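Peer 1: Below, each chain spelled out in residue letters.
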Amino acid sequence: MAIHHGRGFASINYPIGMNLGGDPSQALVHSTPDGKFKVTLSSIDLGQGIKSVGRQLAAETLGVPVEDVFVDTADSDTGPHDMGSFASRGTHRMGNAIIRAATEARAQLLEAAAEELEVDASDLVTDGRGNIHVKGAPSRSITVEATATAAQFNQGRTLAGRGMFLVPLSEVDRDTGEMTPVSSFAHAALIIDLTVDDETGEVEVQHINSAYEVGRALNPRLVEQQLIGGAWMGVSHALYETTEPYYPDRSHGPIDFNHYLQPGPGDAVPHHISVLERPAPDAPFGGKGPGEMCANPVLPAIANAVFNAVGVECDSLPITPEKVLRGIRANGGARPQGRPGA
Amino acid sequence: MKSPVTFRLNGSATAVFADSGANLLDVLRRGCGDLSPKYGCGQGTCGACTVLIDGEPHVSCLVLAETVAGRSVETTGGLSNGPDLHPLQRAFIEGFAAQCGYCTPGMLMSAKALLDRNPNPARSDVEEAISGNLCRCTGYEPIIDAILEAAKQRGAA
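Top line first, the protein sequences correspond to chains Y and X. Per the working numbering, residue 1 is the first one in the first sequence, and the count goes up by one each step. Per the working numbering, residue 1 is the first one in the second sequence, and the count goes up by one each step.
Just so you know, the hints here were simulated from the structure itself, not pulled from any lab data. These figures come from a predicted structure and were not determined experimentally. For glycine and all other residues, C-beta sits at the position ideal for the given N, C-alpha and C. A few of these clues could be false.
Facing chain X, from chain Y, some residues (calculated, C-beta under 7 Å) [stated by the list, open to error]:
no., residue
1, 232
2, 264
3, 265
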């Protein structure tokens, strides 16, 4: 009886959003009379951070401080249409919509400032600190706040923008079948190191090493947070979680958190992440979504590592101690596969 | 049948009429208007409703409200001192230890109980202290790190 080490690898190309055409997201941006900007969305922020990233994208595009932008999400009665927060699509789809809405609002902002300064709007620039001035002449300036007040109380204008992102439908070439099914891919590679106890069948993940290519990491701390939490969920699905009973029938299945197994705080796995940044041309400032692929590659990598450790191929999840032991018995004992070059 | 229950909530004398048999979580949220403890599972398995009673962590969904009469109850709602956040709250924010945030109030109270009785916890002490609090987003690692960081900051202060 022994503890066997195993290493497993998996890589993934993950498509962003629903593809083949459509998948719309819309955003509205408007200013308050004191020069703050509100971004109205129907996206849900369930912790992944679309509120933070949407705020950054809008502020960067408008040319105003990030503190002056507020994102209002998750009311489909008052916000414009969005397909939803799923398929790793939020940053890419909604991000593009926010940029378009903010671009339109910025044009109106500069028009209003131009009227106040009696110059041409195309000569104006923003300094990102709440001021608008004539290119090359910083003294001829007006604040965003004064511009918004003038627009709304004197000029009778809105400072607002509408943004829409829609993936164009990809036609199929009738001769070759060629098409563009996907608008944007993110990529990852992940290595799992684990041990398998051939007496108890228990699998213990010891290290995760991963590399993620997410375009530009628009908010690096949020990306890292999502990757760490997502990998935990991958481990959980690979080794613990199931609504099916392990033993004889459905009536023995989990009915609450006491029975539905998940790794606890004592099972946290050290995870070393390298984030590679290759900004994607059709993505908002190059940022794609980490989203679902935080968890996905963990599962095959664990299955491969278990095979590497004891020679058991599990073709169903989770990989429970029982399945590992049955596999070892069917093989007539543990069959460590070794490591080429090791 | 309602009966009056008087106790200290985050240091303030509090009186509330509680239905006989009502749980503390319900009385805190509906009776006292303190929405910081969260209702998760309602059966003591998720820890989102964790509060401190005389300094000890309890899942408030399993505590009869009447049993806190004359005792002291602390919730996340009372953690900050006006605009000054508790070191745990600061460490959670700076360490990105929350995603959806639903487990956060319970995590903070379990962590406070730990740091109040053990200002220099080992990593394993932290894991033990929050083992009754489920989190589905973070993978626990950032939460454990934040609690250890708060202990360090409090030691330095």
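Peer 1: For every hint, state whether the structure bears it out.
Peer 2: How the hints compare with the structure:
| no. | hint | result |
| --- | --- | --- |
| 1 | 232 | holds (3 Å) |
| 2 | 264 | holds (5 Å) |
| 3 | 265 | holds (4 Å) |
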